[in-house]
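Mind the numbering: the sequence shown is residues 1 to 128 in full-length UniProt numbering, read in order.
Bear in mind the hints are in silico, worked out from the structure with no lab data behind them. Glycine is no exception: its CB is placed at the ideal position from the N, C-alpha and C atoms. Worth double-checking, as some hints may not be accurate.
Using C-beta positions, here's what the derived DEER-type ranges look like [unchecked claim]:
#1 E89 <-> R3: 41 to 49 Å
#2 R92 <-> D69: 14 to 22 Å
#3 V48 <-> E95: 13 to 21 Å
#4 M60 <-> F5: 28 to 36 Å
#5 G11 <-> R33: 15 to 23 Å
#6 T38 <-> Q91: 20 to 28 Å
#7 T35 <-> L4: 29 to 37 Å
#8 K109 <-> D57: 32 to 40 Å
Heads up, simulated DSS-like pairs for lysine-lysine below, C-alpha to C-alpha not over 25 Å straight-line [stated by the list, open to error]:
#9 K76 <-> K97
#10 K109 <-> K97
#11 K109 <-> K78
#12 K109 <-> K76
#13 K97 <-> K78
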Amino acid sequence: MGRLFVEHLGGERVFVCHCQTPLTNRDELLSTRFTGSTGRAFLFHRVVNVTFSEIQDRVMITGRHLVRDVLCINCKQKLGWMYEYAMEESQRYKEGKVILEEALIYELKENADPSPEDDPLYMVTSAC
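Given only the sequences and the hints, what does the whole structure look like? Please build it.
Right, dumping it as structure tokens:
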């Protein structure tokens, strides 16, 4: 299979997969006003350590889009999707951006215990 190389974007607050693979950081967060199949979802400018499915044509709440599922490069868990193309002009700002579903990721304070009970910003999510 070969050696897995993991990229880290740094930052004080880092979003990781349940397998602890770093995905992105708070600086890349564009919006928290999205909804995925598991509930609340976030739009990010840049995400690393992921792989993508083939392009799929999906009709969503905001219209028709060409998207790719986003999977963790380490554990292969589906985490969200990436917008390849938006059919409607008003939705084109999403192109090339990635949605990660809140229930499928954690946000960690860098160099901290991965489950600080006293940190109100720590996202507690269900296990995969």
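* **K109 paired with K97 [C-alpha distance capped at 25 Å]** => holds, 23 Å
* Straight-line Cα separation of K109 and K78 no greater than 25 Å? -> holds, 23 Å
* Assessment of proposed distance window 32 to 40 Å (beta carbons of K109, D57) -> Given range 32 to 40 Å: holds, Cβ gap about 39 Å.
* Mind checking the alpha carbons of K97 and K78 for me, to see if they're no more than 25 Å apart? => holds, 16 Å
* Using the beta carbons of T38 and Q91, state whether their distance is inside 20 to 28 Å or not. => holds, 22 Å
* Could one say that the CB atoms of E89 and R3 fall in the range 41 to 49 Å? -> Since the Cβ atoms of E89 and R3 sit about 43 Å apart, the hinted range of 41 to 49 Å holds.
* Asked: Taken at face value, is the distance from the CA of K97 to the CA of K76 at most 25 Å?
  -> Measuring from Cα to Cα gives roughly 20 Å; hence the hint holds.
* To do: Could you say whether the range 15 to 23 Å given as a hint is met by the Cβ separation of G11 and R33?
  => holds, 21 Å
* Agreement of K109 and K76 with the hint, judged by alpha carbon distance not exceeding 25 Å -> Cα-Cα ~24 Å, so holds.
* **R92 versus D69 beta-carbon gap, inside 14 to 22 Å or not** => holds, 21 Å
* Asked: Does the Cβ-Cβ separation between T35 and L4 fall within 29 to 37 Å?
  -> Holds, at about 31 Å.
* **Range hint compliance [Cβ, M60 to F5, 28 to 36 Å]** => holds, 33 Å
In this structure, none of the earlier numbered hints is contradicted; all agree with it.
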